[in-house]
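**Q** Use these hints to put chain B onto chain A, whose structure you have.
So you can see what is in the structure, the chains are spelled out below.
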Amino acid sequence: AQSVTQLDSHVSVSEGTPVLLRCNYSSSYSPSLFWYVQHPNKGLQLLLKYTSAATLVKGINGFEAEFKKSETSFHLTKPSAHMSDAAEYFCVDRRAGRRALTFGSGTRLQVQP
Amino acid sequence: ETGVTQTPRHLVMGMTNKKSLKCEQHLGHNAMYWYKQSAKKPLELMFVYNFKEQTENNSVPSRFSPECPNSSHLFLHLHTLQPEDSALYLCASSPPETATGNEQFFGPGTRLTVL
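The listed protein sequences correspond, in order, to chains A and B. Each residue of the first sequence is one higher than the one before, starting from 1 at the first, in the numbering used here. Each residue of the second sequence is one higher than the one before, starting from 1 at the first, in the numbering used here.
Everything labelled a hint here was simulated from the structure, so no lab data went into it. There may be inaccurate statements among the hints.
[As the list claims (entries may be wrong)] Computed, partial: chain A to chain B, Cβ under 7 angstroms: (1) S14; (2) G43; (3) G59; (4) F63.
[As the list claims (entries may be wrong)] Straight-line C-alpha distance at most 25 angstroms; calculated DSS-like pairs for lysine-lysine: (5) A:K58 / B:K40; (6) B:K41 / B:K52; (7) A:K42 / B:K41; (8) A:K49 / B:K18; (9) B:K36 / B:K52; (10) B:K41 / A:K49; (11) B:K36 / A:K58; (12) A:K69 / A:K42; (13) A:K49 / B:K36.
[What the hints assert, rightly or not] Counterexamples of contact, computed for chain B against chain A with all Cβ distances above 10 angstroms: (14) T2; (15) L11; (16) K22; (17) G28; (18) P42; (19) L43; (20) N50; (21) K52; (22) N58; (23) S59; (24) V60; (25) P61; (26) Q82; (27) A87; (28) S94; (29) L115.
Cβ atoms here follow ideal geometry from the backbone N, Cα and C, with glycine treated the same way.
With the rest of the complex left out, here is chain A (with noise of 0.2 angstroms):
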């Protein structure tokens, strides 16, 4: 069973509007979490990362995100989308005791002018 559910395929925001990617998690363990982009034709790129630490997440370009854990929830924000965040953006989890991740199946953002 798949241990995180994006919830969106596609999300459609116009430029300088906020930006929300939602993201649930498997509640049967703590997990490690990651959020990746991906733009076109290029490999994958880290966002930020939960390990728990803390519980808001500041990651590149302005993202962060929340570990809600009543909510098993890790959704991923940006106050004000730019043209050059269209991408895909895969939440990530890996269990504790391997080195895998896990991936979703990713949201694909599209940035109106």
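**A** Frame of chain A; chain B shown alone:
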């Protein structure tokens, strides 16, 4: 640039060909990974190597044969592939295990097309 390089970036091969994908990391990491990214499917882990030893094989068909001669290099040897094996193959590396979650660094991928 993430410090992980992959060659070739694009590869077209017939079902009877034999080819190899190469991955190299310049980060001093000790673990390396192969992932497959197909259209409309989540990224799938294929293999994990830790200090040159294979520690995970995610039920990958034997027509895919990995090789890790040292901690900096990882190969994926391909033979008698099927058209459904067409995908983006991503290599990643990560540093030694730590108490907190350590991220993986990904290469740009090899876009493979099997005719």
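**Q** In terms of Cβ atoms, is chain A entirely out of 10 angstroms range of T2 (chain B)?
**A** 7 angstroms, violated
**Q** Is the nearest CB of chain A more than 10 angstroms from the CB of N58 (chain B)?
**A** At roughly 8 angstroms from the nearest Cβ of chain A, N58 (chain B) sits no farther out than 10 angstroms, so the non-interface label is violated.
**Q** Given the hinted pair K36 (chain B) and K52 (chain B), is their Cα-Cα distance within 25 angstroms?
**A** Distance of about 20 angstroms is within 25 angstroms: holds.
**Q** Just want to verify: P42 (chain B) was marked as not at the interface with chain A; is every Cβ pair farther apart than 10 angstroms?
**A** It is violated; P42 (chain B) is separated from chain A by about 5 angstroms at its closest Cβ, not greater than 10 angstroms.
**Q** Q82 (chain B) clear of chain A by more than 10 angstroms, beta carbon to beta carbon?
**A** The claim stands: Q82 (chain B) keeps its Cβ more than 10 angstroms from every Cβ of chain A (closest is about 23 angstroms).
**Q** Would the non-interface assignment of G28 (chain B) survive a Cβ cutoff of 10 angstroms against chain A?
**A** At about 16 angstroms from chain A, G28 (chain B) clears the 10 angstroms cut-off, so the statement holds.
**Q** Examine each Cβ of chain A, and state whether all of them lie more than 10 angstroms from the Cβ of S94 (chain B).
**A** 7 angstroms, violated
**Q** Once the closest CB in chain A is found, is it more than 10 angstroms from A87 (chain B)?
**A** 14 angstroms, holds
**Q** Once the closest CB in chain A is found, is it more than 10 angstroms from L43 (chain B)?
**A** The claim breaks: L43 (chain B) does not keep its Cβ more than 10 angstroms from every Cβ of chain A (closest is about 4 angstroms).
**Q** Are F63 (chain A) and chain B close enough, Cβ to Cβ, to be under 7 angstroms, as the hint says?
**A** This interface hint is violated because 15 angstroms lies over the 7 angstroms limit.
**Q** Tell me if the straight-line CA distance from K69 (chain A) to K42 (chain A) falls inside 25 angstroms.
**A** It is violated: about 32 angstroms lies between the C-alpha atoms, which goes past 25 angstroms.
**Q** So, G43 (chain A) near chain B? Judge it on the closest CB pair being under 7 angstroms.
**A** Because about 4 angstroms separates G43 (chain A) from the closest Cβ in chain B, which is inside the 7 angstroms limit, the hint holds.
Checked against the numbered hints above, the structure violates hints 1, 3, 4, 5, 6, 8, 11, 12, 14, 18, 19, 20, 22 and 28; every other hint is satisfied.
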